[in-house]
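Modelling step: build the complete structure from the supplied sequences, incorporating the hints.
Residue numbers (my numbering), protein chains in the order written: chain A, 624 to 1076; chain B, 5 to 845.
Simulated from the structure, these hints should not be mistaken for laboratory data.
Positions of the beta carbon are idealized from the N, C-alpha and C atoms, including for glycine.
A hint or two may mislead.
[What the hints assert, rightly or not] Derived coverage of chain B by chain A (criterion: at least 3 residues anywhere in the stretch with Cβ under 8 Å from a Cβ of chain A; other residues may be distant):
#, segment
1, 156-162
2, 305-319
3, 351-359
4, 536-545
5, 589-597
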Amino acid sequence: MMISQFFVLSQRGDNIVFRDYRAEVPKGSTETFFRKVKFWKEDGNAEAPPIFNVDGVNYFHVKVVGLYFVATTRVNVSPSLVLELLQRIARVIKDYLGVLNEDSFRKNFVLVYELLDEVIDFGYVQTTSTEVLKSYVFNEPILIAPARLQPIDPAAIFTQGAKRMPGTAVTKSVVANDPGGRRREEIFVDVIEKISVTFSSSGYILTSEIDGTIQMKSYLSGNPEIRLALNEDLNIGRGGGGVSVYDYRSSSGSGVILDDCNFHESVRLDSFDSDRTLSLVPPDGEFPVMNYRMTQEFRPPFHVNTLIEEAGRLKAEVIIKIRAEFPSDIIANTIAVQMPLPNYTCRASFELEHDAVGQKTDFKETSKMLEWSLKKIVGGAEHTLRAKLTFSQEFHGNITKEAGPVSMTFTIPMYNVSKLQVKYLQIAKKSSSYNPYRWVRYVTQANSYVARI
Amino acid sequence: MAPPAASQRYPSPSQPSGKSEVTDLKSQLRQLAGSRAPGVDDSKRDLFKKVISYMTIGIDVSSVFGEMVMCSATSDIVLKKMCYLYVGNYAKGNPDLSLLTINFLQRDCKDQDPMIRGLALRSLCSLRVPNLVEYLVGPLGSGLKDNNSYVRTIAVTGVLKLYHISASTCIDADFPATLKSLMLHDSDAQVVANCLSALQEIWSLEASHSEEACREKESLLSKPVIYYFLNRIKEFNEWAQCLILELAVKYVPSDSNDIFDIMNLLEDRLQHANGAVVLATVKVFLQLTLSMTDVHQQVYERIKSPLLTLVSSGSPEQSYAILSHLHLLVVRAPFIFASDYKHFYCQYNEPAYVKKLKLEMLTAIANESNTYEIVTELCEYAANVDIAIARESVRAVGKIALQQYDVNAIVDRLLQFLEMEKDYVTAETLVLVKDLLRKYPQWSHDCISVVGGISSKNIQEPKAKSALIWMLGEYAQDMSDAPYILENLIENWEEEHSAEVRLHLLTAAMKCFFKRPPETQKALGIALAAGMADFHQDVHDRALFYYRVLQYDVHVAERVVSPPKQAVSVFADTQSSEIKDRIFDEFNSLSVVYQKPSYMFTDKEHRGPFEFSDEIGNIPITPEASGDIVPAQQFEANDKDLLLSTDEKDDNKGVSITGSAYTAPSHDNSNISSQMQELAISGPATSAATPQSSFDFDDIFGLGLSTAPAPTPSPPLLKLNPRAALDPGAFQQKWRQLPISLTQDCSVNPQGIAALTVPQSLIKHMQSHSIHCIASGGQSPNFKFFFFAQKESEPSSNYFTECVINSSSAKAQIKVKADEQSTSQAFATVFETALSEFGMP
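So this is what it looks like as structure tokens:
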């Protein structure tokens, strides 16, 4: 259980915060760690695993917004515990700072020290609840302008496309007040689904999975109880073991069937079995109410068709077609398509549709990667890319074995493939005039979206 | 103020010294120290921030210690906190100056505001200055009684800090007893949790020299205490829940109702979003059900789904930690996961460390029904742009082929890899084809025709080259070009940098020579000459040996170098089952991630707060089994097993005389014994009868079979000390030092086997015979116990026993070590009698 040190390093390896709790690890651990991670070469992999041991010291790290969150210990601890903790520390800090990045971190390092003192004492975790920490922490966060938000921040996914989303609201600190000195009463419930699909070369689905999270961020004062109702036809547990308390295999075939799910510790499931509602008193800050996993078949949002053909002795042609299989009032954004080309490819020239807007193509010479990005795709639309390849040597054998697979990343706001829904969000508070803002938002993102050729 | 901002204002803060800045700070702090001007706190805050930012980036700011303390007279809590942080960091190096801080910290400990009281107490205990401990006892005492729970939580951890600075002060103040009472009565869950962690740490450290601490530590595992915690587990936060679950793992339930009660109590913990809570719960479930085979299997089924959900819901790092545990479970019970193979398919954007684990799991769960799909998927990865993963995938296909019975389709796929014409794929494939041929010689025809077409020039990696050369030697009669390819390679002897390859060249040239003498004679001559001139000792020795054997008699040489081989039935597992069990016992710890038991990567005091009962378990395992023995080396060992060193053989007989390399005679020797088996099998080629031939061999290498000391006649009955005590460390040491004086097999009666479902009962039973258990472990059907006994009235004469019981065969094996070896037979008799009474009413 005991953590010896906690520190945060920038991408260049300098300390942003450093806290030693038990004085058991020799000096220089930050340098040791950074050198090891930067120049990792063991077991043929170029990437250091999140946990490794150097001279009897165990180093744990997670990467968050380009920063290394690191813990060290000499004890044989639970690896999950430490990695969860690191992730949680990042989340608590984000709750406080609103936006988590190197800049906000450096501006608020004293606040971070204050948090760290309360989160861990002598290596033992005390609390990671933003709610509890609030009463111990006295520094006011120095907020940075949300305009500096990096697009990779998960909060940013709501800011693009659909303009009605109050995208910046979710980036405010849970402790800071709005400029008017008053806090807006509001609560955000985000249903975020990451989908993984692998298509075979003939286009049928080999594997598909949805990993979903219902994420909540509450700015409600007085911690009222909340009831969250999900689809009534929601079923949990399929194919799993007979020991599961949730075993509704008899009703499979209709409705939304989750393979499995888990819940935040604040969630009470008293009436979940009867009417699919979750009740909870949301603590301050951002947290996942429920994580779920689903392998039930669903309609993949994009259909990808790829063709690679020889066109002479040193030439070949690639055609990639993408068709959006969702309604036309939905718009996907930040779409990127990648395809590794044969490693003897020396040139690629591209041909887009003549009315193409907001599309870019590139051939990365060193990695032999074809890249095609599209700002947005409207539901029902189809787009095609043609690429003419030139090879530096004659190829033999099967060219399709030398290229691909095609992979895709995208974000589709206001759309979720699982059909899981938040039917209503009820806030239990006596006063009739109390009517806080409630935001329920959906988004689908590609996790691993791959089409083999 | 923060590091980058500072770098704009000051030209060189990154220079390690930063001397001028520190001097600057010092004078500014001094100016502010006495000031009572309005806004002075804000200026102090800015200065303090600078100090702390310097401290963070590693500039030594200890020289402003005095000024910081002077400035600390303030009511601003933010300032106080920064000051405490600073003081905590530098107090150790400035014990004299630290005395300055005691005053204001002690005053703050009596503040009205519980926040200030808590903070001051925490800082006071964090000074880590031994000569200041006298100032800690008072504030800690009142802190533990404080009516505010925040102060109490801090005071409890403070007691632990005090223990680490001065254990005697802590014990003398009777703080552990206070903590124990708080643990059982305090209304605040965090206070209770901190008491538990503090007491575990203190009592574990005390236990080595205090019997009382030992007892107290055991008392944490008593039924009332365990249920006290488990019944209110939901009142604790998720981290404290992990702590409690970790404690519950060590609890020995009284009966199966007890087991089911606990499992029902904890069932909903498996739905927790925190992976650490889930894994800790899984560990409890797995450990509780070890002796109940069918329930144990149900547990596997039950935990599968929650673990898979955790894998896909967290960050890649969290997934990795969970996957490592799934990996362990998959390898232990592949059939349970066989239908879930799709969950272990790699996603293209996963980090390599995740993919690698998944590939290993796919390999483990491949069976008749899913192999086709799995291998098809692996073949996709083999074409991957990521070379490391492509290699792993090829290896995975090969491993699956080796563990399957019907490998027809897989062999074709492997051979297709050779057609991909990617160097690294070819290299990996060659190594696997070689292994495959050793197990399934019947495939040689298909393989050889493809391998024969590969140009040796394109193979650079030593392992692959060795594999190719081995095949050339082994199948020289089927490959028409074999002598010429070998000759070519031998002519480039000087350019061959790998000794491994040169060794293989020598052997292959010999084998080829026996089959096609006229064509190979010249090449062999060159090889032997080059080998004997080789600077590498092994190469030189092998060449010389070959040369002399040839000189002696060509037919004998053939029998030695190229005897008819029997197919390898099972490749020796690189990790012994004992090590695997040990890792399983350490579920939910780093052992699982590193795939090594904790003693291989931690020093004793860091194995975990609660690893007392089985720390002795590491005795029988010698750490030499770590790491991956690659198949090529395996094969190497096979060719060389004719030259097995004598101490390895000795060891194999279970009696260690020299004992230097293998202090623990019972160490796992499956590796060696499988080689021995092969040796015995290849023996008959010498036309003598099997047992005879292996005796011959032993004679050649001067091995005697019966080195076991003759049992001494039994002396009169032995009396044992019923109250003998020994700590595990001392046991471990003794066990290492002493030779085995006796090994004995005996049977256990059926009632005893039935009673063994609760292994604890045997421990109690033996204790009633004055034989005390030091450590126990294992799971049905194999249990292992370490016992200790002492001769009555002779504390220097001790007996150490390892007892392995197999409950399915109702057999036990005991190994006795004794200070007084002549009496070990008498002790064994006592032991056996006691054991035979186990389970009797």
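Each hint tested on the structure:
For a cut-off of 8 Å, the count of residues in the segment 156-162 of chain B with a CB near a CB of chain A stands at 3, and the three-residue condition holds. For a cut-off of 8 Å, the count of residues in the segment 305-319 of chain B with a CB near a CB of chain A stands at 12, and the three-residue condition holds. With a threshold of 8 Å between beta carbons, the proposed coverage of the segment 351-359 of chain B by chain A holds, since 7 of its residues qualify and at least three are required. For the segment 536-545 of chain B, the assignment as covered by chain A is violated, since 0 residues bring a beta-carbon within under 8 Å of that chain's beta-carbons and 3 are needed.
Coverage of the segment 589-597 of chain B by chain A holds [criterion: at least 3 residues with CB-CB distance below 8 Å; count 7].
Violation of the numbered hints given earlier is confined to hint 4; every other hint is satisfied by the structure.
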